[in-house]
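A.B. asks: Work out the full structure, taking the sequences as your base and the hints as a guide.
For the sequence shown, the positions run 1 to 1035 when full-length UniProt numbering is used.
Everything labelled a hint here was simulated from the structure, so no lab data went into it.
Careful: at least some of the hints might be erroneous.
To be verified - Simulated pairs of lysine-lysine, DSS-like, Cα-Cα distance not exceeding 25 angstroms:
1) Lys310 / Lys889
2) Lys810 / Lys879
3) Lys879 / Lys307
4) Lys810 / Lys908
5) Lys310 / Lys828
6) Lys820 / Lys926
7) Lys350 / Lys908
To be verified - Quick list of simulated restraints, FRET-style, between CB atoms:
8) Ile804 / Ile705: 35 to 43 angstroms
9) Lys307 / Ser838: 35 to 43 angstroms
10) Met858 / Val1025: 39 to 47 angstroms
11) Ala328 / Val702: 28 to 36 angstroms
12) Phe214 / Thr640: 18 to 26 angstroms
13) Asn824 / Phe214: 16 to 24 angstroms
14) His1023 / Phe636: 28 to 36 angstroms
15) Leu268 / Ala328: 20 to 28 angstroms
16) Leu308 / Leu808: 36 to 44 angstroms
17) Thr776 / Phe636: 24 to 32 angstroms
18) Arg93 / Arg951: 54 to 62 angstroms
19) His1023 / Thr640: 28 to 36 angstroms
Just so you know, even glycine gets a beta-carbon here, dropped at the ideal spot from N, CA and C.
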Amino acid sequence: MEKEPRSSESPGTDQGKTEQQQPHQQPQHQPGIAPQPSSPDAAPTPAPPLPQTRSLPQWLDHFNRRDLTTTLRCAIAVWVASLLMLINPSLNRIGQTTFLASVVVYIIPPAGNLIVAIIGYLSLLVGMCLAWAWGLATMRAAQAVRSPAELNARLQALQQQVGATVQATGNNNTAAIATVLVHDGFMLDTRVTVVYFVMGCIFIYFISRLRYAFNLTVLTQLFGIIAMDIFLVIGPTLTRWTPRLPEVVVLPAACGCAIGIACALFILPQSTSQVAIGQIENLLIMLNHPIQTGRQFVGGSLDFDIKLLKRSKRRALTLYAQLQPNMAFLPLDVSRGQWSSDDVKSVYTKMQGVLATTFALLEFQIARVTSQEKIDKLRDMLNPHVTDSSDGKDTNPRDPRRARILQSPDLINALIAPGTAVGSDDMRDALHDSSEAVLDATTDAISHVVEALRLVNMNRWFVSKSARARLPQAALAVRQIGARLAQAREACIADTTNAAIDIHGNLFDDEGLLKTEMKGESKKIAGLVIAFVIEEHIIAIAAAYEKLTAEVARLLETRTTNQFWGPLRRRFASRASASADEEPSAPALSGQAVTDPDRIQMHTREAERRLKVVSNGQGIPKKRGNPIARAVAAIFSWLTAPGSVYALRVVAVTVATGIPAVIPHTAGFYYREKGIWTLVTAQTCILMYMSDFTFSIITRAVGTIFGGLTGLVIWYISAGNGSGNPYGLAAALPFGIVLFVWARLWLPQAYLQGTGLGASTFAMIIGYSWDMHHLTIYGLPGLGYQTFWRRLVTVLIGFAAALIVQMLPKPPSGTHHVAKTLANSLHKISDHYALLISHWGKRSTVGGDYSGVRSVIMSTSLGLGQTLAALNDPIAMLKFETSMSPFDKSSLRRAQELLMLMNQSLTKVMLSATTLPVEYQQRLIKTSGIADEASISNIMSVLVLAKQSLRSGAPLPERLPTPLIGTCYGDFCAKHGFVELRREYLVSEDFRGYCVALSAYLTFLHTTDSLVSLLKETVGESHIVHDWSELSENV
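C.D. replies: Rendered as structure tokens:
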């Protein structure tokens, strides 16, 4: 991840020279009045340089002001929570688990959004409180099993045993002796133990199912289970009603939550809007890379690293996903600054358009880079290299696709990825020359907008004199670059159009029609169409940045003073603005079209209804059978669902590792050796899929060892074998805390469990070593190395228990989960395709205003895209899994990329239905055959078979109606034979939209063909149709 460098100097330091050299450029205007654009002769404001890409690893590349501030705040919070272990009053009040406060702050650090942190703390406390309430009910039920007479008899026996121990040892501390006997299991009763475990396992089962269904409840499950474990291993040994039993873990956790919230509020605080603006800034810096590669791409260069392009897209998607929680809680933001949360949301809305257009260009670049490899493979398939053998036969394996292609050599032209054909050199040079100014202006726009966002974010409380002078200059610079973008975009359209007419003018006659002798020049026409598609991508990016710069400039011009913003103030301000601007008759008097919100909402509901009809289907028979049989089947299905199996595994490992705590012969050993660490480790190691489990075990083991060694170093340096000095230990703790806080904040999320276990081990060694000389309680693990050794042994035993339970009855396959998710995504793509045909096939519409339809299309496409993007981490984990499935990491990664491209292409075609004029829609139907019944049947059958193959891993039939792109090409040649083209189309903007829609549809067909080829290579083929003579010879 590329981060911008931060300077600790004043915001006005960097551009002090610029202000001195250009004092005449500082505008003098009133707030709310936009400065007039400068004349073309005036020198434009130079763009500030973007941060350079460093060579540091992504997890280490955070040495900038914002990230270092976040690290410092979180480290201070963990350090303050750790000080509770060294303060005697807090240590005596909380007890031996005081270290848990620092662990809580580490797990939920005050890194940015306060509301997100508060929700995390609340979910943690809710889980503990639920466990506390259920544990009290369990304790009451368990104690009711044993009669008072039996309890009194057992208490008398305990008293007698204490007396005998006093006489034998000479120790008169009867309370300590009684405590040891109780923890050694003297009061255990089988009936009480059974009640505890039955009710405790019920709680663990349901909270684990909740965690499986809703991933956001992971903290609720984790700390709820920890609190319930206290009841399981200690409750059966107690002699009386103890309602405050789980306070030993609830109290330090609550202290940690309070410290985290206080540090987020008072130590270098950041509001939600401030964090969101910073993330938008980082996202813009990252989007500069596709613009730079696009400059080379337009120039005809293919010297790209395709892995780097894909990595750039994944990183941008990761940043965008991190931005979503902050945008969701933005309406609740309370902050001080120039911009309100509504202003930030308006910038974010424009940013979404920039992101969509940039991703479209990036996908186009990736397709262009991979096209040459596909062309070479197809050429090798047409002209295979025959290897001479002793019997004179070809030793290469049989490729069934080669026979199909050899039957029609012209098919290779159709199999080339659409959108990747190379036009003439003259057209490519003309496009490069015309788009150079647009790309330069886009790069400068990114620099100016990033600088403006940085100024707004750095001057929230106090605005320095230099910043006060730079803000109007930044507004003027952003306004100028927006005007420059508009001019460059219009010039690009005009220059490209003139160049296309000049270069391809020989294709048309005097009347502007395509010459008869030129109707076979399909390559020239294809190159022209592709040039228009490339131009449309560049123009779309420029238009998106125009909107972004206009919005940023408007905010810089109208928001000139820092204010306090909150939900109530924004609500009243929005009402006042709405009442002041409400002029219902103005649009009608001015002749502008009136947008009816009710009509848009009606169209949205209609589009959603049609999508639901498409998805649900019709004529599907209802489930038959006896109601009792259906109920039994439903219960069995519910109990054997993946979520239930996961919860049962957690219950099984709870019983296996918790039983020794309630056996009289092992209860004392379990308590003294901290066997509860084994129980918690085993429970938290159980995961949904084997790939995650394997990676978790590795990272947890490394984290435990590293955390233990770090704790030993800190302890023995500051305390040695003595009791330790609180001041020396407090001074030494930050050296270890910073390491774990850095790992928590900047390592990928997959390492959270390993780093969390390392941080908790570090805190345990410091805490228990300090407790040895400052607490007089039974069962402390020891000093320094003794604590580390017990911790390591119990964690390894927990790993072993979890491994055994995770493998039985069979390991849960992450590969199967990813393949099933991809199959479900392909099912949704089939629904979207059916919705597309519902419009294109019968020419049905829902009205003239398509705003609601576009909203539904974009929301469904975005939802499917987020589902597919969420598979990045699960697919990356598959290298740690051994599976019998035919799919592996590479094949599933490729299938994910193909489905994402299918989703994007299909969305473009669906959106074109709401923007293209009827004339060009009819032309698209005629050219592509999108409404042809045979084509629809072929595509639907291929999508359904591919879905079933992904779900089951079964081989595909050898003979399928593929390649679909070849069928489309053949049908067009058979029906039309030539492309209908006129000179007037070249100057029409709608024609460019038509070219984009046609390219998107062909890309959808080609991607479907690529998916079928990938599946055949992975799962194989069935129902092979051989030539009879070839089959006899082979047999």
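A.B. asks: Look at each hint and say if it fits the structure.
C.D. replies: Evaluated hints:
1. Lys310 / Lys889: The given pair, whose Cα atoms are some 16 angstroms apart, holds under the 25 angstroms limit.
2. Lys810 / Lys879: holds (19 angstroms)
3. Lys879 / Lys307: holds (18 angstroms)
4. Lys810 / Lys908: Violated, at about 43 angstroms.
5. Lys310 / Lys828: It holds: about 24 angstroms lies between the C-alpha atoms, which stays within 25 angstroms.
6. Lys820 / Lys926: violated (36 angstroms)
7. Lys350 / Lys908: Holds. Lys350 to Lys908 sits at ~19 angstroms (cutoff 25 angstroms).
8. Ile804 / Ile705: 35 to 43 angstroms: violated (22 angstroms)
9. Lys307 / Ser838: 35 to 43 angstroms: Since the Cβ atoms of Lys307 and Ser838 sit about 39 angstroms apart, the hinted range of 35 to 43 angstroms holds.
10. Met858 / Val1025: 39 to 47 angstroms: holds (43 angstroms)
11. Ala328 / Val702: 28 to 36 angstroms: Since the Cβ atoms of Ala328 and Val702 sit about 34 angstroms apart, the hinted range of 28 to 36 angstroms holds.
12. Phe214 / Thr640: 18 to 26 angstroms: For Phe214 and Thr640 the Cβ distance comes to about 20 angstroms; the hint holds.
13. Asn824 / Phe214: 16 to 24 angstroms: Holds, since Asn824 and Phe214 (Cβ atoms, about 18 angstroms apart) stay within the stated range.
14. His1023 / Phe636: 28 to 36 angstroms: Because 35 angstroms falls inside the window, the suggested range holds.
15. Leu268 / Ala328: 20 to 28 angstroms: holds (23 angstroms)
16. Leu308 / Leu808: 36 to 44 angstroms: holds (43 angstroms)
17. Thr776 / Phe636: 24 to 32 angstroms: violated (55 angstroms)
18. Arg93 / Arg951: 54 to 62 angstroms: Between Arg93 and Arg951, where Cβ atoms are some 57 angstroms apart, the hint holds.
19. His1023 / Thr640: 28 to 36 angstroms: holds (33 angstroms)
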